[in-house]
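Peer 1: Here are the chains, one letter per residue:
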Amino acid sequence: MSDKLYLYPVWIRIWHIFNAVFFLVLLLSGISMQYASPDFMLMPFDVAVTSHNVAGIGISIAYFIYLIGFVFTSNKKHYKIECKGLIGQLITQMRYYLFGVFKGEESPYPSTEESKFNPLQKVTYVGVLFVLFPVLIFTGLPLMFPEVIIDDFFGIGGTLLTALVHASAGFFASLFLVIHLYFATMGASFSSNFKSIINGYHESH
Amino acid sequence: MVNKYKLVILCLFACLFLGGSQSIAQDVADNGKCLKCHGQVFYEYDNEWTGQVDRKPLNPFHHIDSVKMHQSVHKMFACIDCHSMDYETFPHDGELRLEAKYTCMDCHGGDDTYAKYNFEGIEEAFMESVHFQASEERFNCWSCHDAHGYELALRNDKSIVEVVELSNNMCLSCHDNKFKYGLISDDQPKQINEIHAWLPNQDSHFKKVRCVDCHTNVQKDVLVSHNILPKEKALKNCVQCHSANSVLMESLYAYRAKESRESSGFLNAVILNEGYMIGANRNQTLNNISIGIFSLMILGLLVHLILRFILIKKK
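Going down the list, the sequences are from chains A and B.
FYI, in this note's numbering the residues of the first sequence are 1 to 205.
FYI, in this note's numbering the residues of the second sequence are 1001 to 1315.
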């Protein structure tokens, strides 16, 4: 049996599961609205609108709680990015994913108690959590109350612009989700990372 | 040389402008004699029996908004063009209330000047509507078209919000007013917002879509469909509007769609001039790009997965 590290405290796991559920609902209802058509719908339009609103508020609250946890626990240490040598580290990590894994090489930046993420993960997670998330929330909330959006933004409708940014950010978030899921299969075994996020223990290779 | 031309053109414009404003002044009839009472909340008259000036409240149903009247399509009319000359005396003769009123068709029927409106087509549709079916003659064109203030909405270059407001007020003047409603029915009108409780964001919807957009089917030969359908046939399916081929493009936006240039790459781009509609305003280019990126990513991951299986198995 490989080593086990306790990396994911309870609050992170609870947040993660809520985040995942809300995210899935948002993604499915979002696609359903964006591509609404009388012929085929993932779900009825009014259901999509309501569930998108509810899940949107839910994920925002969860995000807020996550931020509090981020500030007041040691969790933030995992997200510290050292700019020096970052590019080199990213290339090393990508090289590993593109060639190393196939040769059975060891991961160049294995998870430790001090740093559970490799450089590529750090950059992605910081991007998702501190760029995509705020963009989605700050465009999503006004779309729930469109009367607060200015009508005309340099000749483009304010609501249109907000909706475009929201949908684009949602698109990138959906890319993230798929990649995230795929990379989760690259743990010690195919399913070990999925177990970790439930029991909290990380299995190394 | 050039300056002379400019002067001539300027003069021409000035003449046009002055002529224009003069003819507007002539177009509006002077109805001061009647509006002295019917434009007010109270009216006064000399009481010959007592020798005093009496002051009485005017029945609000007899009140005429002169501002609205001056904006209406019939602003050039004097009151007595439509009403009997005998109204010039007061107290009005009691029998005058029996006077038959003109109908739209009396003046507009079979007149080529108004062919583009297709009054005949409208009348036919109206006769099939729930209103006429339920109440017959008691419900007529004037029930919706204010005899003293009807203004063209959609056909004039008004903003969608204004078009919607003018059109919806024609329905709400009755469905939201138990006195006017009571002229036609013994029942109380139901609360409009309760009837439509299933519709989310009601306020924004009622600002951006007309009652007739949901309560009629598109009628190809007239601009505004007049056949109000039974409530069971009203449009309830969100996707009929919120989708690529939104019915609004054939009703509320049909007139504009013909005139506007489609260039921005957005579906149903005319709607974007005045709002944004979920599901109906996708951008084709962004759509294709995003589908492309997504497919490439899936392909990449699949290849990676397969390689992982093959190469790791070999070990």
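What the hints contain is simulated information worked out from the structure, not anything from laboratory work.
A quick note: this is a predicted structure, and the numbers were derived from the prediction, not measured.
Even for Gly, the Cβ is constructed at its ideal location relative to N, Cα and C.
The reader is advised that the hints may include incorrect statements.
[Claimed, not checked] Here are the computed lysine to aspartate or glutamate pairs in the EDC-like style, where the Cα-Cα straight-line distance is at most 20 Å:
| no. | chain 1 | residue 1 | chain 2 | residue 2 |
| --- | --- | --- | --- | --- |
| 1 | A | Lys116 | A | Glu106 |
| 2 | B | Lys1208 | A | Asp46 |
| 3 | B | Lys1207 | A | Glu82 |
| 4 | B | Lys1208 | A | Glu114 |
| 5 | A | Lys77 | A | Glu106 |
| 6 | B | Lys1075 | B | Asp1106 |
| 7 | B | Lys1208 | A | Asp151 |
| 8 | B | Lys1233 | A | Asp46 |
| 9 | B | Lys1236 | A | Asp151 |
| 10 | B | Lys1207 | A | Glu147 |
| 11 | A | Lys116 | A | Asp151 |
| 12 | B | Lys1158 | A | Asp39 |
| 13 | B | Lys1208 | A | Glu147 |
| 14 | B | Lys1236 | B | Asp1203 |
| 15 | B | Lys1033 | B | Glu1123 |
| 16 | B | Lys1208 | B | Glu1136 |
| 17 | B | Lys1158 | A | Asp152 |
| 18 | B | Lys1068 | B | Glu1151 |
| 19 | B | Lys1231 | B | Asp1157 |
[As the list claims (entries may be wrong)] Every beta carbon over 10 Å from chain A, so not counted as near; a handful from chain B, in silico:
| no. | residue |
| --- | --- |
| 20 | Ala1115 |
| 21 | Asp1187 |
| 22 | Cys1238 |
| 23 | Glu1274 |
Peer 1: Each hint: holds or not?
Peer 2: Cross-check of the supplied hints:
no. : hint                     : verdict
1   : A:Lys116 with A:Glu106   : holds (15 Å)
2   : B:Lys1208 with A:Asp46   : holds (18 Å)
3   : B:Lys1207 with A:Glu82   : violated (53 Å)
4   : B:Lys1208 with A:Glu114  : violated (56 Å)
5   : A:Lys77 with A:Glu106    : violated (24 Å)
6   : B:Lys1075 with B:Asp1106 : holds (18 Å)
7   : B:Lys1208 with A:Asp151  : holds (14 Å)
8   : B:Lys1233 with A:Asp46   : holds (19 Å)
9   : B:Lys1236 with A:Asp151  : violated (28 Å)
10  : B:Lys1207 with A:Glu147  : holds (11 Å)
11  : A:Lys116 with A:Asp151   : violated (45 Å)
12  : B:Lys1158 with A:Asp39   : violated (34 Å)
13  : B:Lys1208 with A:Glu147  : holds (13 Å)
14  : B:Lys1236 with B:Asp1203 : holds (16 Å)
15  : B:Lys1033 with B:Glu1123 : violated (34 Å)
16  : B:Lys1208 with B:Glu1136 : violated (31 Å)
17  : B:Lys1158 with A:Asp152  : holds (18 Å)
18  : B:Lys1068 with B:Glu1151 : holds (8 Å)
19  : B:Lys1231 with B:Asp1157 : violated (31 Å)
20  : Ala1115                  : holds (35 Å)
21  : Asp1187                  : holds (29 Å)
22  : Cys1238                  : violated (4 Å)
23  : Glu1274                  : violated (8 Å)
Checked against the numbered hints given earlier, the structure breaks hints 3, 4, 5, 9, 11, 12, 15, 16, 19, 22, 23 and satisfies all the rest.
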